[in-house]
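Chemist: The residues making up each chain are set out below.
Protein chains: 2
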Amino acid sequence: MQEQHITLAHGNGGRFMRELIEQLFARQLASPGLDTSSDAATIQLPDGRVMLSTDGFTVKPLRFPGGDIGSLCVHGTCNDIAVAGGDPVCLTLNAFIEEGMPVAELEQLVASIGLAASESGVQIVAGDTKVVPHGEGSGVYFATTGIGIRPAGVTLGMDRIREGDQVLVSGPVGDHGTCVMLAREEFGLRGDLRSDAASVLPLTRAIRELPGVRFMRDPTRGGLATVCHEIMHATHLEVVLDGPAIPVREPVQSVCEMLGYDPLFLACEGRVVAIADAHAADEVLALWRELPGGIDAARIGQLGAGTPRVVIETELGGRRILEELQDDPLPRIC
Amino acid sequence: MQEQHITLAHGNGGRFMRELIEQLFARQLASPGLDTSSDAATIQLPDGRVMLSTDGFTVKPLRFPGGDIGSLCVHGTCNDIAVAGGDPVCLTLNAFIEEGMPVAELEQLVASIGLAASESGVQIVAGDTKVVPHGEGSGVYFATTGIGIRPAGVTLGMDRIREGDQVLVSGPVGDHGTCVMLAREEFGLRGDLRSDAASVLPLTRAIRELPGVRFMRDPTRGGLATVCHEIMHATHLEVVLDGPAIPVREPVQSVCEMLGYDPLFLACEGRVVAIADAHAADEVLALWRELPGGIDAARIGQLGAGTPRVVIETELGGRRILEELQDDPLPRIC
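Chains A and D, in that order, give the protein sequences.
Numbering follows the numbering used here, in which position 311 of the first sequence is assigned residue number 311; successive positions increment by one, without gaps.
Numbering follows the numbering used here, in which position 74 of the second sequence is assigned residue number 74; successive positions increment by one, without gaps.
Treat the hints as calculated values from the structure; they're not laboratory data.
20 Å max Cα-Cα, derived EDC-like pairs, lysine to aspartate or glutamate: (1) K60(D) to E99(A); (2) K60(D) to E99(D); (3) K60(D) to E98(A); (4) K60(A) to E98(D).
This is chain A alone, in the form it adopts within the complex (with noise of 0.2 Å):
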């Protein structure tokens, strides 16, 4: 491309959009799937379940420590097939992308979506662009559609939740949150906080098949408290959190501090939270500890047959009931 930005007309349908598809998103995603020149792709799926899920993506700043909205993209919606037992198979993509973008700063942006398929061993297989005039937009918004396969031994869902079920999460919770918002500095605060951003197969992966675990999920927008809220409405069950339990790295646990969030509201983009049974919860915590992903791995709850809400234990023995979110200080922080 001989632009150096974005231009109105690389959306619309003719020379400059063909180049613009050809020459940065085809050259940074090529696959077999991938053609260009046809309205939709055909594809070949393995034997299994059918899975699909889709997820936007608005983040800012479009790059922060340990990802960017690329990489974010790509996990973002392969995660939800994986934590929902499935393999993630392909993607679709979609762009909408702001007039006066640097075209180079878009391909930076295409080529981590490129990284993190292969990594995630997904193909992008169809896609769009649409740009759209300065000063709407901010830069870029991604949308991804996964489609995936969901292994016939894998029965995983809330309606599995017993009372008596742990709580378990993979890793410590709040890093994407908080490291997002310090990579807007406009806070004034600093740190060396990386996103937790990943993949998340292999912990779903090692454990999905296993007769106890009953359900998992990404605890992204709205935090840890989110999903303990999904499971409670969904199962009616009391959801008792053991405060001191939960993983949360110190940078974490100051800047909330100081800023008046707590991080169990806050997003991670790389964790699991899995409900088990009491026996299956041991062999989870193992086999995740010993994964790179998986290291900090904690049991940090249990579902009990109390009034129907979500409480956390402190470290002094008293119980605060933890309200749904409802306001939120962090808009576009996936």
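Position chain D relative to chain A; hints supplied.
Modeler: Using the frame of chain A, we list chain D on its own:
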């Protein structure tokens, strides 16, 4: 929902977002396949080759005579599957909603998605919403990804196009582009033109299994001229269009003449361009003309062995080269 306008809290993963999804999106898009509490939808696919297509929508204004961004985001993606010879089965939906958007307006657009999906026989099986700050996003952008099935008997592709094949179009071109342009009321022009936005499935199903039908495409962004350029690029054949034979409605012609546009470059959202051999061409036209969406179907050109380019023969017998679209005066048309 109690709120009258979308707030950033509707995108945070908490209570407001849950209510937005449960009370607005899920209520309008209810289907057996849509479970808003799961990370990934499990779908059952009929036999045949699986197809995938994706499209983003940024049209301005959000509503126009004959449709809105809601109906457009269903038809647009289903039509891409239809022209590739498939039957759309299900869709995923991404919404990027601008803070401050009236909830009632969003609800109308989502209702329109539901109606268009049910007309096309597809289910919305997964979705995601993001809220972006006021000033970004221009109301709402949608992205849809469609899964379709191509029956075993259908073999379409640009590689099947041969010298001597005919170019056919199912109806007048440029209606959608002109209609949206008029709906912006920037030019002080008015008219009773309606967008052609509609499902093209009846048109594609009628002809896709005829042996002499080589290829189909819907002339959206970049219009009929851009489809001809794509065919020329892929086949290295000369595309010779018969100018007077190309159906263009009178109001489209007048508006284009006044504003200096060429209707051949304006988007259609309910038309099909088909390439067929001479024998099948007659059959296609006869079949299309029996359908409500194909009454004005016409033979508009043919593929020749001359220099690879797109030329148009004028009424007076002259020949004019139709250049590839470069700059575009009409952003955000679909």
